[in-house]
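So the sequence lines, in the order shown, correspond to chains A and B.
Residue numbers for the first sequence, in our numbering: 1 to 385.
Residue numbers for the second sequence, in our numbering: 1 to 385.
Wrong hints could be hidden among the right ones.
As the list makes no split between identical chains, a pair holds if one copy fits it or if it spans any two.
Derived pair list, reagent style SDA-like, types lysine to any residue, alpha-carbon separation capped at 20 Å [stated by the list, open to error]:
id: 1; residue 1: Lys-292; residue 2: Tyr-43
id: 2; residue 1: Lys-250; residue 2: Ile-384
id: 3; residue 1: Lys-266; residue 2: Leu-256
id: 4; residue 1: Lys-354; residue 2: Glu-275
id: 5; residue 1: Lys-208; residue 2: Asp-284
id: 6; residue 1: Lys-208; residue 2: Leu-286
id: 7; residue 1: Lys-152; residue 2: Ala-169
id: 8; residue 1: Lys-2; residue 2: Lys-383
For the record, the hints were derived by calculation from the structure and aren't laboratory data.
These figures come from a predicted structure and were not determined experimentally.
There are 2 protein chains.
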Amino acid sequence: MKQYLDLYKNELLNNVIPFWEKNSPDNAYGGFFTCLNRQGEVYDTDKYVWLQARQVWMFAIMYDQVEAKEEWLDLAKQGAEFLIKHGRDDNGAFYFSVDQKGSPLIQPYNIFSDCFAAMAFAALNKVEPNESYASLAVNTFENILRRRDNPKGIYNKTFPGTRDLKSFALPMILSNLTLEMESLLDREKVEELVPSVIHEVMEVFYQKESGLILENVNLDGSFSNSHEGRLTSPGHAIEAMWFMLDLSQKYKDEELCQKAITIGLKTLEYGWDKEFGGIYYFLDILGHPSEKLEWNQKLWWVHLETLVFLSKAYAITGNNDCLQWFYKVHEYTWDHFKDPDSAEWFGYLDRYGKIQLPLKGGKWKGCFHVPRGLFQVWKSLEKIQ
Amino acid sequence: MKQYLDLYKNELLNNVIPFWEKNSPDNAYGGFFTCLNRQGEVYDTDKYVWLQARQVWMFAIMYDQVEAKEEWLDLAKQGAEFLIKHGRDDNGAFYFSVDQKGSPLIQPYNIFSDCFAAMAFAALNKVEPNESYASLAVNTFENILRRRDNPKGIYNKTFPGTRDLKSFALPMILSNLTLEMESLLDREKVEELVPSVIHEVMEVFYQKESGLILENVNLDGSFSNSHEGRLTSPGHAIEAMWFMLDLSQKYKDEELCQKAITIGLKTLEYGWDKEFGGIYYFLDILGHPSEKLEWNQKLWWVHLETLVFLSKAYAITGNNDCLQWFYKVHEYTWDHFKDPDSAEWFGYLDRYGKIQLPLKGGKWKGCFHVPRGLFQVWKSLEKIQ
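Can you build the whole structure from these sequences, using the hints too?
Structural data, given as C-alpha cells:
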C-alpha cells in the first residue's frame, strides 16, 4: 500500500492544503472565503459558519498531527477570531452564515454550525490552550445537548404531534464530536454519552431487515413510511461507520468493529451505481422515486468518507472485501473528482460522472472532506506499514 | 396550426385529465393523492396543500371552460371540502402539507399554499357559487396581502437588516391571482393592485442591462451580488411573461405586450441549453457556479409554461420568432416529457434529457402545469383558427 500512502499524503500536503492556504484567507476582514471557482478565485464572499469552523479545525489538526507550522496555526487562529467576533447570536448559538464583514445573514436554524464550532475550538485549544477557546467549545457543546430534542428550534416547520421524527445527523455527529471534545469534558459525561450515541446509531437508526441505516425514524425508533422515513444517504451512513470504528478501537469493542464493517460494506453495495459507478447521494429504501432532485449525483464527500471507512476497516482487520472495495472506490474517486489541471477537487458530478458544478468550494464544500479524507486515509495506511 | 391544436386538446382530454381522475382521488379520506408512480400507483399518501388546491382549480376550470361534466365538478368539490376541513391553522393560514387523513404535517411557512387556495376557491365559486367558497377565497387573499412583506413569517431564517431581499415569486403570482380573483374583489382594489404588480415584475425585478428577470433583488430594487441576488429561473420569468400578456390584453396595453414578448424571447435564448436542448432550471446571471445542485435539469413546468407563452404571443401578434421557438420547444417537450407507454408526463429530466425521476406526480408535481399548459396552448391556437 506504500504507493497509495504516498499518493494521499502528497495530495494533501502539495495540492489541497496549499490551495486553501493560498486562496481562502480573507486578509481584509478575517475568516475564510469558501466560494472558490475552478482556478481558486473568489466568486462569492459570504461566509458559512460551519465551513469557517471546519477550516479552523482542519488547520489546527494539521498543526497538531502533521507538522507544527506557524502558518497553519495562524490560519486556524485567525478563523477562530472571526468566529468569536461575528459567529454567534445573543444566546451563543452560531449563525448559519454571515457576510464578508461578519454581519449575520442567516439565523442559527442549523445546529451543525454549533457542532463544528465546538469541534474547532476544542481542536484549537489543544494546540494553543486558551481559556476562551476552551469555554467556547464546552459551552457550545452544552448548547447542542440542550437543543438535542429540537435542533431547529423556532425554525422547525414540523407541526408537532402528527409525525414526530428524529434525525440520524445529530447522533452521528455527536459520536464523533464527543471523542473530539474528550479532553474538555468530564469523564463521566463522556462515559454516559458514548454508549447512548452508539446505541442510537447502531440500533435505533439501523434497520435490521434491510441491514441499512435510515436518515429519519419515529421517536420510538420505528419505521416511518414517508419521504423522510424512507430516506437513506449511503455516504452519511458509511461516514458514521468510521466514527464507530474509531470508537471500537478506543473502547476495544470487537463486536462494534465487526458490526460497523458489516453495515458499511452492505451500505456500499446498496449505494453503488452498478451502471455508471460511484455512490448515489440519496436512495428511497423502498425504491420509490426520491423527493431529492439530486438523488443520483455523485458527491465528493461521500466518496472520501467511504475511502476513510475502507482504509480504517482494512487497517484494523485486514478484511479483503474492504481492500477490494478500497481499490474500486479509489479508482472512481481519483478518476472523477481530482482536477487534473488545477488544485483541489471537484465536488459535484452528475450520475454519469461528468462535472455538475465546476466549483472547488461553495456553500456546502469547504476545506474539510477532501483534506480530512486524505489525512485519514494516509494515517490508516501508515498503520499497515 | 390545426394539427397542433388537436394534439394539445386530445392530450388534455384523453390522456392527462383521465390519469388524474382515475388515480388521484382518495375515496377513503377525501382530497387527492399526488405521489403517483409511472403507472399511476400511489407511492406516498401525504397531501401537499398547494397541490390539492391546484387540482381543485384545474377541475373547476375544466368544468367551467371545457365541458360541464358533473364528475369534474364533484372532484373539485371533494378536494375543496378536504381543504376546508383540514387545510388551515387557527389563523386561517394554509398548511404546507397534511397526512392522508388531514392531520397537519408541515406548518404554513410557504405562502403559496394560500395563493393556490385562494385561486381554487375563487374558481370553484364561479361554477358553484357558495358563500363559504367566496369568503374563503377573499379572506385568504387578504391574508396573502397582509403577509406580503414577510411571506415566511416566523419561519423566515433571514437575519433582518443585513441583506433584506424581496422575491419575484410573490408579485409574479399576484399578477395572475388578481385576475383569477377579479369577480370577488372590489374594482378599486384590482385597479390599485394590477399596476403595482406589473411595475414590480416589469421594472423592479427586470434588469435592464441584461434584459432578464432576477429572482431576488434588494428592497430598493437594486442588484444584490449574492447567490440569491444572482439567481435567475428562466421558466419562472417566462411564465410571468404570459401573465403579463393576459394583462396586456385585458387592459389593451400594447406596450406591455411587446415588452413581455421581448423579455420572454430574450429569456428563452438565454435559458436554452445550446448543447443538449431544453431550458435550464436555474442560472447565475454572472455565470458563477449555481448554489442549486439541480440547476441544469430540465423540468416539465418550465417547458409547458414556455409553450403557453409562445402560443399566446404568436396568437396575439403573429410574431415569427415566437412561432419558430414554439416549434422548437414543442418538439423537445413532446419528445422528452411525454411518456410513450403510459398516461401523464414525466416531470424531471437530467441535462441530457434522460429521466431523472420516474414519477408522474410527487411533492412538487401535481395536476396543474401539464393540464393547464395543454389547455392554454389549445385555447391560444384556437384563436388563430
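Taking the hints in turn, this is what the structure says about them:
1. Lys-292 <-> Tyr-43: Result: close only across copies, 15 Å inter versus 26 Å intra.
2. Lys-250 <-> Ile-384: within (18 Å within a copy, 77 Å between copies)
3. Lys-266 <-> Leu-256: Within one copy only: 15 Å inside a chain, 60 Å across chains, cut-off 20 Å.
4. Lys-354 <-> Glu-275: For Lys-354 and Glu-275, both the intra-copy (14 Å) and inter-copy (14 Å) Cα distances are at most 20 Å.
5. Lys-208 <-> Asp-284: within (16 Å within a copy, 44 Å between copies)
6. Lys-208 <-> Leu-286: within (14 Å within a copy, 49 Å between copies)
7. Lys-152 <-> Ala-169: Classified as within; 12 Å inside a copy, 26 Å across copies.
8. Lys-2 <-> Lys-383: within (11 Å within a copy, 75 Å between copies)
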